[in-house]
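Visitor: Chains as they are written, first to last, in the numbering used here: chain A, 56 to 177; chain B, 1211 to 1399; chain C, 15 to 194.
The set of hints was computed from the structure by calculation and includes no laboratory data. Don't be surprised by glycine CBs; every beta carbon is placed ideally from N, CA and C. Mixed in with the good hints there might be a few duds.
Chain C is nowhere near these chain B residues, computed Cβ spacing over 10 Å in every case [what the hints assert, rightly or not]:
#1 Thr1254
#2 Leu1300
#3 Ile1314
#4 Glu1344
#5 Leu1387
Listed below are the simulated DSS-like cross-link pairs for lysine-lysine, each with C-alpha atoms no more than 27 Å apart in a straight line [said to hold, decoys possible]:
#6 Lys1278/B to Lys53/C
#7 Lys1294/B to Lys1280/B
#8 Lys1259/B to Lys1329/B
#9 Lys58/C to Lys148/C
#10 Lys1397/B to Lys19/C
#11 Lys1323/B to Lys1294/B
#12 Lys1280/B to Lys1329/B
#13 Lys68/A to Lys157/A
#14 Lys1231/B to Lys1259/B
#15 Lys1259/B to Lys1280/B
#16 Lys1278/B to Lys58/C
#17 Lys1221/B to Lys1256/B
#18 Lys1318/B to Lys1329/B
#19 Lys1280/B to Lys99/C
#20 Lys1231/B to Lys1294/B
#21 Lys19/C to Lys1382/B
#22 Lys1259/B to Lys58/C
#23 Lys1259/B to Lys1290/B
#24 Lys134/A to Lys1280/B
#25 Lys1294/B to Lys1318/B
#26 Lys1259/B to Lys1221/B
#27 Lys19/C to Lys1280/B
#28 Lys1221/B to Lys1231/B
#29 Lys99/C to Lys1231/B
#30 Lys1258/B to Lys1280/B
#31 Lys1280/B to Lys1318/B
#32 Lys99/C to Lys1382/B
#33 Lys1278/B to Lys1323/B
#34 Lys1231/B to Lys1280/B
#35 Lys1329/B to Lys53/C
#36 Lys1221/B to Lys1397/B
#37 Lys1278/B to Lys1231/B
#38 Lys1280/B to Lys1221/B
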Amino acid sequence: MVQASMLNEIIQKFVTSISGIEGAALVTPDGLSLVSVLPSSMDEERTAAMSAAILSLGERIGQELVRGLVARIVVEGEKGYSVMVSCGRDAVLLVLASKETKQGLLFLEIKRLVRELMPLLG
Amino acid sequence: MFQLQLEEVNKLFTITSAEFKFEEINNEPQVSSSEKNFPWEEMTGKQKKATKISLEAMRDYFNWDYLKEKMPFRNSGLNKLVDKHDFQLLPLETYLWNTANSNISLRKIAQEKQVPLEKIQQTALSMIFAGLLEEVSIINMPMKTTKYSIASSSKSNFADINNTNISNNQPKISNSLLSNLIAFLRKHF
Amino acid sequence: MEILKIAVTGNVGAGKTTFIRTISEIEVVDTERRITDEKIASWKENTTVALDFGRLTLNSEQIVHMYGTPGQARFDFMWDIILNKVHAYILLVAVHRPQDFRGARRILTYINQRVQIPMIIGLTHTDCEGAWQKDDVILALGLTNQNIDLPVVDVNAENPNSVAQCLLTLLEQWQPKPTT
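If we strip away everything but chain A, and leave its shape as in the complex, we get (with noise of 0.2 Å):
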């Protein structure tokens, strides 16, 4: 995989300089882990398949049931969200965010991260 290192670092600074943001994964479609910054009780290997997994429902969902281009899956729990984008071809963004988060700006950064990834995922 292209710049590893780089990649690493952009993740890595968007989990530590956005308040909130409590964890970032970097996956591919089918499920294996190529960036993670999580919280230590979190395995990459299950959380990346898991992202996978649910992602591929989702555009499955959109497609059945004709809501075309999936923009993202949210998984909003009692303590936070779990966001789920696609990240061009090759990838999927997971970003986990406490429950104080405001959505929009959530959004807002994740769409903005993903304009970050994109060039170096090719």
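Once you have looked at the hints, place chains B and C on chain A.
Guide: Chains B and C only, in chain A's frame:
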């Protein structure tokens, strides 16, 4: 002498690629051709179980790279294959033995023991090869199906994970469906 | 409406998606993604990452649903989601890939620990080079010690008759064969 011979055997565990040739041993009184080649004079009459030899040899085994494919997964757990054993286990092996059957992943064990995950996987693998343990899948998520509470009657909008049904509480399938399916499969395929 | 739910599980490349595709009346809802794992990508193009779904309608009141699980171990959370919600399952084992028997055995232990439902083992790729004999596979899967009654059948996942036959054998687990 037996110990010396065992050391030779242990060295076999560093071989990374080999081909086995099995020869049948004839129990008939007349000595078969393969038996003629047995080093009768070097035989001490002592014996040791192959699984014990394997466990001991694997402790000094350096080519773990070649066993990467066989390593138990980090998210797997371990179950005991036997209730009791007479192996002399090292401290880490004893720990794995004692924590077996309790649904703890190798990753968690590594975290708790502060031992590198690879070391845990290697130790687990040597115990699996020795027939002591078995790799099992464990899942951290609730093993039961979630029953969704109706939002209006509940204080929370979220699925209550603690309020669960016992897993696989599927309704019984009627004989009618089963025989209709059998008829369907016979007719169409 | 009565729904019979059957899971099809097994290692990567055992033929789970194909099996469901072969018998489903609808175009299978699959979640296949291109494989990026180089070791697997050399012999397989796509892999299921969430689940496959196929259907058979018997009549207006009775339906069969078939769910395929992902084959790779990192997706084992999907087994939990699927296997706890089905009435029966089929474990497919590609007999020309002995390196995967350990994985199949893991799945088997996993299932046996959780659920007690009708099941069957389908051996696929029996005509491929390096295919193991049925008895040897049974031994390698550890079926000689436990589950002695588990039916083991050959199945060609691409052949509708073969897949139907496999399902019929699975159905025998419920009830004695009706007289024909």
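Visitor: Give a verdict on every hint.
Guide: Do the hints match the structure? See the list:
no., hint, verdict
1, Thr1254, "holds (33 Å)"
2, Leu1300, "holds (24 Å)"
3, Ile1314, "holds (15 Å)"
4, Glu1344, "violated (7 Å)"
5, Leu1387, "violated (5 Å)"
6, Lys1278/B to Lys53/C, "holds (13 Å)"
7, Lys1294/B to Lys1280/B, "holds (25 Å)"
8, Lys1259/B to Lys1329/B, "holds (25 Å)"
9, Lys58/C to Lys148/C, "holds (24 Å)"
10, Lys1397/B to Lys19/C, "holds (21 Å)"
11, Lys1323/B to Lys1294/B, "holds (24 Å)"
12, Lys1280/B to Lys1329/B, "holds (14 Å)"
13, Lys68/A to Lys157/A, "holds (19 Å)"
14, Lys1231/B to Lys1259/B, "holds (21 Å)"
15, Lys1259/B to Lys1280/B, "holds (23 Å)"
16, Lys1278/B to Lys58/C, "holds (21 Å)"
17, Lys1221/B to Lys1256/B, "holds (19 Å)"
18, Lys1318/B to Lys1329/B, "holds (13 Å)"
19, Lys1280/B to Lys99/C, "violated (31 Å)"
20, Lys1231/B to Lys1294/B, "violated (33 Å)"
21, Lys19/C to Lys1382/B, "holds (11 Å)"
22, Lys1259/B to Lys58/C, "violated (42 Å)"
23, Lys1259/B to Lys1290/B, "holds (19 Å)"
24, Lys134/A to Lys1280/B, "violated (38 Å)"
25, Lys1294/B to Lys1318/B, "holds (25 Å)"
26, Lys1259/B to Lys1221/B, "holds (17 Å)"
27, Lys19/C to Lys1280/B, "violated (33 Å)"
28, Lys1221/B to Lys1231/B, "holds (18 Å)"
29, Lys99/C to Lys1231/B, "violated (47 Å)"
30, Lys1258/B to Lys1280/B, "holds (25 Å)"
31, Lys1280/B to Lys1318/B, "holds (20 Å)"
32, Lys99/C to Lys1382/B, "holds (12 Å)"
33, Lys1278/B to Lys1323/B, "holds (22 Å)"
34, Lys1231/B to Lys1280/B, "holds (23 Å)"
35, Lys1329/B to Lys53/C, "holds (24 Å)"
36, Lys1221/B to Lys1397/B, "violated (62 Å)"
37, Lys1278/B to Lys1231/B, "holds (25 Å)"
38, Lys1280/B to Lys1221/B, "holds (20 Å)"
Violated hints for the displayed structure, listed by number in ascending order: 4, 5, 19, 20, 22, 24, 27, 29 and 36.
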